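J.: Starting from the known structure of chain A, arrange chain B with the ligands on it as the hints suggest.
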Amino acid sequence: MTETMTQDIPRVEWPTQLQELSSRYQGWRTSIRVMGGEIGDQRVAADLPLQGFSVETQGSEAGKILIELGDSPNNFMIHHVDYPLRVQVAEMQPGSAADVEIESEDGTVTLVGLRAPTALPSRRQVAPGERGFRRRGMEVLREKAHRLGRPSKREPNVGNVERFASVAAGSLLAALGLSRRSVSGVLTAGVGAALIYRGVTGYCHAYGAMDVDTAHRKGERAARSPEEITRQGIHVEQSCLINKSPEELYEFWRHFENLPRIMNHLHSVRVLDDRRSHWVAKAPRIAGGEVEWDAEITRDEPGSVIAWRSLPGGQINSVGEIRFRQAMGDRGTEVHVSMDYIPPAGQLGHWMATLFGESPQRQMREDLRNFKRIMEVGEILTIEGQPRGTCTGMGRERRSTETE
Amino acid sequence: MKALVWCAPRKVAVEDVPDPAILNRRDAIVRVTSTAICGSDLHLVDGFIPFMKPGDIIGHESMGIVEEVGPDVDRSKVNVGDRVVVPFPIACGNCFFCRRGLWSCCDNTNPKAHMGDELFGQATAGIFGYSHLTGGFAGGQAEFVRVPLADVNCQKMPPDFTDEQLLFLSDIFPTGYMAVEHCNVQPDDTVAVWGCGPVGQFVIRSAFLLGAGRVIAIDDEKKVPERLQMARDGGALTIDMHDEYVYDRLLELTCGIGPDVCIDAVGMEAHGYTMLGSIYDKVKTNLFMETERPHALRQAITCCRKGGTVSIPGVYGGLSDKIPMGALMNKGLTIKTGQTHVHKYVPELLEHIRSGRVDPGFVVTHRLPLSEAPHAYEIFRDKKDGCIKVVLNPAS
Ligand SMILES: NC(=O)c1ccc[n+]([C@@H]2O[C@H](COP(=O)([O-])OP(=O)(O)OC[C@H]3O[C@@H](n4cnc5c(N)ncnc54)[C@H](O)[C@@H]3O)[C@@H](O)[C@H]2O)c1
Ligand SMILES: [Zn+2]
Ligand SMILES: [Zn+2]
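Respectively, the protein sequence lines represent chains A and B.
Note that our numbering has the first sequence beginning at 7, numbered continuously upward.
Note that our numbering has the second sequence beginning at 101, numbered continuously upward.
Extracted from the complex, chain A is given alone in its bound form:
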């Protein structure tokens, strides 16, 4: 007989309980499915060893639950669960299986399946890094298109064919959903629209969560392998227009301790003296959960430029520069940021690269957007904590019928 124990973990206990779960199940074979999401049910990971769960407590990502999987740079990933609402743990057949179900405010459910490591470590071969995920995602889409009577014959070349399949399948689903008016038809409508979006934009949230870029967009380089990143480092450049004077913007930024309010990956910055500061950024658990380094200001021109670089002895090498310039007319101030990260050599570097490599341009764009919001509005609007209904319509049924 199997014995199942399901437990609802209250929010205040998430940090400690998830910590405990992590140590209990570290190394277990883990799969993650996201159900009820924008493009239907997605399997985002299969059979990767668990590193652990954590709750992001600081920065603009506070509130997220992160799940780290993988034990080598080639199969490593971090899955983010946004707006978690409920965490349930079901431990079945003690010692052999457990499920963690995380329900998000938007109704999506992340199901983490943990299975005891087999006696012989038969690590399923996941092709180099993200490519494994990429192919899986594509297979799902191709299967979808196929089931709808549009088999795609050629071996697809990532960006376009996949995108086409998305739009085609999406339009089909939307059209079928909207015309058939049957239960299943109605259900396909929403999925269809999201697929169209995905097709139109070439951006998939599931991929986003996995930090897999399947195409070049807006000057963003496609995802590079951790090897490439360790070799070349990461370079990001972004700019934005903010309706404040260069002096006011400079003032905010010059107080580096403000930066964790706007930068996603920073936990804290402590100012040591006039020129030096101590930075703590989040890192994969496997690399210690945090990385720290000291930085010093290399250029400081009030109201116009701040440049900094990390000092030797830290866990990461970085240089950064921000420039402020009066924009034309009454457009406020042009802000240009550039940053380079050079992860250290060796294994740690690989993991760092994986972390900092997650679409750095998009991340920097988000960070600058936060900067703009703080300066222009005084706050970053959130919807976390707002009320929502519990009805899932037929969403739950979709889960059991949509996927094979």
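What the hints contain is simulated information worked out from the structure, not anything from laboratory work.
Note that the structure is a prediction, hence the values are computed from the model and not measured.
Careful: at least some of the hints might be erroneous.
Unchecked claim - Short derived list, chain B residues pointing at chain A, Cβ under 10 Å:
id, residue
1, ALA103
2, VAL112
3, ALA113
4, LEU123
5, ARG125
6, LYS153
7, ILE157
8, ASP172
9, ASN210
10, PHE237
11, ALA238
Stated by the list, open to error - With beta-carbon atoms standing in for the labels, derived distance ranges:
id, chain 1, residue 1, chain 2, residue 2, range
12, A, HIS261, B, SER455, 49 to 55 Å
13, A, MET334, B, THR434, 22 to 28 Å
14, B, PHE220, A, ILE303, 35 to 41 Å
15, B, LYS422, A, LEU247, 35 to 41 Å
16, B, PHE220, A, GLY294, 39 to 45 Å
17, A, ASP88, B, GLN222, 20 to 26 Å
18, A, ARG92, B, PRO325, 47 to 53 Å
To be verified - In silico DSS-like cross-links for lysine-lysine, where the CA-CA straight-line distance does not exceed 30 Å:
id, chain 1, residue 1, chain 2, residue 2
19, B, LYS111, B, LYS323
20, B, LYS323, B, LYS483
21, B, LYS177, A, LYS250
22, A, LYS250, B, LYS212
23, A, LYS70, B, LYS212
24, B, LYS436, B, LYS483
25, B, LYS322, B, LYS484
26, A, LYS288, A, LYS70
27, B, LYS483, B, LYS322
28, B, LYS177, B, LYS212
29, A, LYS70, B, LYS102
30, B, LYS212, A, LYS288
31, B, LYS111, B, LYS484
32, B, LYS322, B, LYS111
33, B, LYS212, B, LYS111
34, B, LYS256, A, LYS250
35, B, LYS431, B, LYS406
36, B, LYS322, B, LYS422
A virtual CB, placed ideally from N, CA and C, is assigned to each residue, including glycine.
T.: Chain B with the ligands alone, transformed into the frame defined by chain A:
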């Protein structure tokens, strides 16, 4: 509190949900006294707008009384006890766009801006109850609604008017007005409007307010005779798309040159009026890649006089097909469109209401308690029971 929740395409329900709380320091909580259902809500319910999530509270035309304000709200602008109308776009009032009067394009109010960037190139403002593409903010078809940046987004109202006279300042009155104001209407101009729904009705009233010589309104006399009647009551000539050839009639009425201004107040779910047109979109949306049915828009472009203006308040969300670019370019047409910059128009429209030139309550045909919202959606969507505009009362 009670709130209307989107469950799935074609399914909404009234549910008990937690009361909203102050989440940002400039938030206010408004007790909703009246809230309306909009044609835009129908696009959500029909599943034409992506990124709805089961459980989302919808509704974006609301007014009520401020119950609570966050610590950083500028109390000289709004305070507890004030009677306010809440514009459907959420704006900051201080970004590049807000300062240029483009409130619905605000850069700072959409927490999910990355999605808008991906889909539209640049994200637009947050909108109440209108999918996660516009921020996923809980909507106002509820007993209470949280209003971010309350000192910008709560529009204080005088006490001496009824809710029904003021409520439509949240959306459809400014929407009809902006659609016309965009077109620099002259006293000898003929304005043609497709769709006699609530937006079409306010287009008609606004066209006269802004000095148009003549207004011609188009809709289906068989399906919605009451709407065409309301259009005639507003002073418009009407064309029945069911029995008349719209193009022929418009050219006849304008001595062969076409209307100077053509306004699409129908949007992405237009009904086709030519066999070819509707079959085309049906086949197209079924088999290939189209996310909407732009019949009215196509016809507006085709009918518009050379050098005229086509104004599009009707909502589109994705990719439309077979837009007559040739006609558009060769006839030298101007296109004007956008989600309405509501904040910009509230003071001037309030003046029109005060002066008695317009009493926006004319459009209301149904008054129902919030608890009957699912039924209200049904009659509004299916144009049953003479339904033109429903106002919901969360208190009754
Ligand atoms: N731009 C904005 O900010 C804004 C604000 C509010 C509403 N809207 C949009 O305006 C549109 C109309 O809103 P509403 O509340 O009046 O909706 P509604 O659904 O009540 O009215 C639409 C009307 O168009 C008619 N119609 C359908 N196909 C037609 C055709 N081919 N030719 C002529 N008439 C046709 C219908 O019979 C109906 O009477 C919607 O798309 C809505 O989303 C836009
Ligand atoms: Zn509306
Ligand atoms: Zn703004």
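J.: Hints first: check each against the structure and report whether it holds.
T.: Right, here's what the structure says about each hint:
This hint holds: ALA103/B has a C-beta 7 Å from the nearest C-beta of chain A, less than the 10 Å allowed. Annotation: VAL112/B was flagged as interfacial toward chain A, and the flag holds, the nearest CB pair being 9 Å apart, inside 10 Å. Below 10 Å, beta-carbon pairs count as interface contacts, and ALA113/B has one with chain A at about 5 Å; its hint therefore holds. Satisfaction of the interface hint for LEU123/B is found here, the shortest Cβ-Cβ separation to chain A being roughly 5 Å, below the 10 Å cut-off.
Given hint, ARG125/B at the interface with chain A, holds; its Cβ is 6 Å from that chain's nearest Cβ, closer than 10 Å. Taking 10 Å as the C-beta contact cut-off toward chain A, the hint placing LYS153/B at the interface holds, the least distance being around 4 Å. For ILE157/B, the suggested interface contact is upheld, since its CB lies about 6 Å from the closest CB of chain A, less than 10 Å. Given hint, ASP172/B at the interface with chain A, holds; its Cβ is 6 Å from that chain's nearest Cβ, closer than 10 Å.
Given the 10 Å rule on beta carbons, the hint for ASN210/B holds: about 8 Å separates it from the nearest Cβ of chain A. The restraint placing PHE237/B at the interface with chain A holds, with a minimum CB-CB distance near 6 Å, inside the 10 Å limit. Here the hint on ALA238/B is kept, as its CB sits about 5 Å from the closest CB of chain A, short of 10 Å. The hinted window of 49 to 55 Å between HIS261/A and SER455/B holds, with their beta carbons roughly 52 Å apart.
Checked against the hint of 22 to 28 Å, the C-beta distance between MET334/A and THR434/B comes to roughly 26 Å, which is consistent with it. With their beta carbons about 39 Å apart, PHE220/B and ILE303/A fall inside the hinted range of 35 to 41 Å. Evaluation of the 35 to 41 Å hint for LYS422/B and LEU247/A yields a pass: the beta carbon distance comes to about 37 Å. About 40 Å separates the C-beta atoms of PHE220/B and GLY294/A, a value consistent with the hinted range of 39 to 45 Å.
One distance hint, 20 to 26 Å for the beta-carbon pair ASP88/A and GLN222/B, holds here, with the actual separation near 22 Å. At about 51 Å, the beta-carbon gap between ARG92/A and PRO325/B stays in the expected band of 47 to 53 Å. Annotation: proposed proximity of LYS111/B to LYS323/B holds, straight-line Cα distance about 23 Å (limit 30 Å). In summary, the hint linking LYS323/B to LYS483/B is supported, as the alpha carbons are separated by about 7 Å, within the 30 Å threshold.
About 22 Å separates the Cα atoms of LYS177/B and LYS250/A, which keeps this hinted pair within 30 Å; it holds. Our distance criterion of 30 Å between C-alpha atoms is met by LYS250/A and LYS212/B, whose separation comes to about 23 Å. At roughly 15 Å between alpha-carbon atoms, LYS70/A and LYS212/B fall within 30 Å of each other, so this suggested pair holds. This hinted pair checks out: LYS436/B and LYS483/B have alpha carbons roughly 28 Å apart, not beyond 30 Å.
Pair hint LYS322/B plus LYS484/B holds up; C-alpha atoms about 12 Å apart against a cutoff of 30 Å. At most 30 Å may separate the alpha-carbon atoms for a hinted pair to count; LYS288/A and LYS70/A meet this at roughly 13 Å. For the hint linking LYS483/B to LYS322/B, the alpha-carbon distance of about 11 Å falls within 30 Å, and the restraint holds. Between LYS177/B and LYS212/B, the direct Cα distance comes to roughly 27 Å. Compliance with the 30 Å bound is thereby established for this hinted pair.
Only pairs whose Cα atoms come within 30 Å are accepted, and LYS70/A paired with LYS102/B is accepted, the gap being roughly 28 Å. Annotation: proposed proximity of LYS212/B to LYS288/A holds, straight-line Cα distance about 22 Å (limit 30 Å). Only pairs whose Cα atoms come within 30 Å are accepted, and LYS111/B paired with LYS484/B is accepted, the gap being roughly 18 Å. For the given pair, LYS322/B sits about 27 Å from LYS111/B by alpha-carbon distance, which is consistent with the 30 Å threshold.
The straight-line distance between the Cα atoms of LYS212/B and LYS111/B is roughly 25 Å, inside the 30 Å bound, and the hint therefore holds. Our distance criterion of 30 Å between C-alpha atoms is met by LYS256/B and LYS250/A, whose separation comes to about 28 Å. Among the hinted pairs, LYS431/B with LYS406/B is consistent with the structure: their alpha-carbon atoms are about 5 Å apart, no more than 30 Å. About 28 Å separates the Cα atoms of LYS322/B and LYS422/B, which keeps this hinted pair within 30 Å; it holds.
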